Amino acid sequence: MELRTASIGERSSRLMKGFVYAFLILASAVVIFPYLWMALTSFKPIEEFFTYPLTWFTRNWTLNQYGGVLEDSKFLASLRNSFLVSTMVTAISLGLSIPAAYGLTRLRAPGGNSILVGILSSQFFPPMIFFIPFYIILSKFKLLNTLSGLVFAYLSVTLPICTWMVATTFRNIPQELEEAAKVDGCGDLRTIFAVVLPLAVPGIITAGLFAFVLAWQEYIFALLYTTTTAAQTAPVILFFYLGQHQIDYGRLMAAAILLSLPVIFPFALMQRYFRQGRGEGSIKG
Amino acid sequence: MLKGRTKFIKGYLFAVPLLVVLALAVLFPAIYNLGIAFYKYNVTDQNWQFIGFQNFVKLWNSVYFWNSFKITLLWVVGNVSLQLVVGLAIALALNSIIRFRGVFSGILLIPWVSSFVVVAILFIWIYHPQLGVLNDILLRLRLIDKPIAWLASPQLAQISLILANTWKFFPLVMITLFAGLQDVPPGLIEAAQVDGANRLQIFRKIIVPTILPSISTGVLLSTIWAYNSFTLPIIMTGGGPMRATEIFGLYIFKLAFDAFDFGAAAAASLVLFVQILVVIMLYLRVVERE
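Protein chains in written order, with this note's numbering: chain A, 223 to 507; chain B, 10 to 299.
For the record, the hints were derived by calculation from the structure and aren't laboratory data.
Predicted model, so just to flag it, every value in this text is computed and none were measured.
Hints may be right or wrong, so weigh each one.
Chain B side only, calculated, beta carbon under 10 Å to chain A, not exhaustive [said to hold, decoys possible]:
1) Y21
2) A24
3) W69
4) V72
5) Y73
6) F78
7) L82
8) V86
9) I119
10) V122
11) F125
12) L152
13) I216
14) V287
Here are a few chain A residues that sit away from chain B, every Cβ distance over 12 Å (derived from the structure) [to be verified]:
15) Y274
16) F305
17) L329
18) G334
19) T450
20) A452
For each residue, glycine too, the CB sits at the ideal point set by N, CA and C.
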């Protein structure tokens, strides 16, 4: 009797396990499918778009859509703009947030913690409260439809999050290390550059990648404050493709895939650094 | 004493550049926006005129404002509840397996790192009435006999958008709840099993109470994100058909850049802001009680 119940329990838990895996596989399929479908579409010759029922797997693979996108000077200009803006935003965000996070956490500025929480909470502001003020400020300074104008608007998003991420990294570095360096006769700057910063590198890289990806994907401000290829970023050009009278879906899919690719690497790297940053204790040697 | 003060000053000196830029790029615009809400902007002579609370009165009397108010509430409730159910189910599933956990969580995080514009395009393409794969699948399975206009019908557009938005945001709730599940003491579950508790009892009496704080946090985050939505609806429906998906973000956008009614748009953005503040205060009260 005892034995039989045990085996039933075991069987039901194995059944449960199978059910859980089936559920996770289904969920993963739902997540992957849209991208898979987009990729399949982007390699399909345009004639096959309109055949019914839809062709899922074409026999006539083509790179024409990609060729079309990469020959489009508008799209290339927008990629260049996206890259420039994202790079500038990343550099400025790190340049401002590293010293600030250091001052507010390591130098134990009184009230530093409340200031950090205040900075972070601005993340919850709806972007809509900035629609009009930014528009007026940018037009006053003749920064509408310029890359610098976009950088200014993006900093309002990336600075708080970068500061918070870098501050968290600094907090996890034991204060004793720094004190030991001071005892050994290191000055302030030497302590920062020789002791604290090297340990903070993974966290800083993560914050930088985060800022880059945020700026790379940003759409709202780019839509509102750019009007020509002088400053339009890639997401805006994708929207422009959509707005055309005859939407070229093949080209749109190819462009969307090209836009997503650069994000894969930062994300993979970010995950790696997240693990490293957590796994390696700072007091090692 | 002196040493303490130099330390005080030094800490802030490091932070000054950041604080200055934040004051210019965040604090000043936010306060400026507050001021604009009480002015009327004249497009033709670019003149500002103080009109007190008239912008708010105008919103109160506007049918479209109340339409957006209602649509936004439905949007928030729909998104948050769907994301909570999906996120919780997947977090529980991930928590109960060991093999392939990393692979699954890596895949399931993809929507979270996807760009809004790309997600919008993915779903426009899937929902497309003639060329879309969703209708194709349903027709092949003979579940429908003619194509459905997912985004063009007022009854379906909102739910179609909510499904797309849930696809994008469930990972946020999932990771928040998954983190909470790590706090459930494994010994307690084993003890309950020995005592003959079934899965449902364990879930209700042990797991739910432990992860309640994470649930509150997950609900807070997805509520704020839902209120702040803009990109998916503006690309996928533009607020249509017949304003059926015109959530607050789009309403404010149209007031500002279609009607150039800057004052009313600023006032409406404050109404949105206050709604979010109310949600945050509710959250803080709940957390305090817990």
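Here is what the structure says about each hint:
1. Using the Cβ-Cβ criterion of 10 Å, the hint placing B:Y21 at the interface with chain A is satisfied: the shortest such distance is roughly 5 Å.
2. Because the smallest distance between the Cβ of B:A24 and any Cβ of chain A comes to about 4 Å, under 10 Å, the interface hint for this residue holds.
3. Taking 10 Å as the C-beta cut-off, the interface hint given for B:W69 is violated, the closest approach to chain A being about 18 Å.
4. Annotation: B:V72 was flagged as interfacial toward chain A, and the flag is violated, the nearest CB pair being 20 Å apart, outside 10 Å.
5. For the restraint placing B:Y73 at the interface with chain A, the shortest Cβ-Cβ distance is roughly 15 Å, beyond the 10 Å limit, so the hint is violated.
6. Because the closest C-beta pair between B:F78 and chain A is about 14 Å apart, greater than 10 Å, the hint is violated.
7. Annotation: interface hint on B:L82 violated; nearest CB of chain A at approximately 15 Å, more than 10 Å.
8. Evaluation of the B:V86 hint against chain A yields a violated restraint, the C-beta minimum of about 18 Å exceeding 10 Å.
9. Hint on B:I119 holds. Least Cβ distance to chain A is approximately 6 Å, under the 10 Å limit.
10. Annotation: interface hint on B:V122 holds; nearest CB of chain A at approximately 5 Å, less than 10 Å.
11. The beta carbon of B:F125 comes within 6 Å of a beta carbon in chain A, closer than 10 Å, and the hint placing it at the interface holds.
12. For B:L152, the interface hint is violated, since its Cβ never comes within 10 Å of a Cβ in chain A; the closest pair sits about 14 Å apart.
13. Violation of the interface hint for B:I216 is found here, the shortest Cβ-Cβ separation to chain A being roughly 15 Å, above the 10 Å cut-off.
14. Given the 10 Å rule on beta carbons, the hint for B:V287 is violated: about 12 Å separates it from the nearest Cβ of chain A.
15. A beta-carbon of chain B comes within 12 Å of the beta-carbon of A:Y274; the shortest separation is about 8 Å.
16. The beta carbon of A:F305 is kept farther than 12 Å from every beta carbon of chain B, the shortest such distance being approximately 15 Å.
17. Listed as outside the interface, A:L329 is inconsistent with that label: its C-beta sits roughly 4 Å from the nearest C-beta of chain B, within the 12 Å cut-off.
18. Non-interface call for A:G334 relative to chain B: violated, since the shortest CB-CB distance, roughly 6 Å, does not exceed 12 Å.
19. The Cβ of A:T450 lies farther than 12 Å from every Cβ of chain B, with a closest approach of about 17 Å, so its non-interface assignment holds.
20. Annotated as non-interface, A:A452 keeps its C-beta farther than 12 Å from every C-beta of chain B; the closest such distance is 19 Å.
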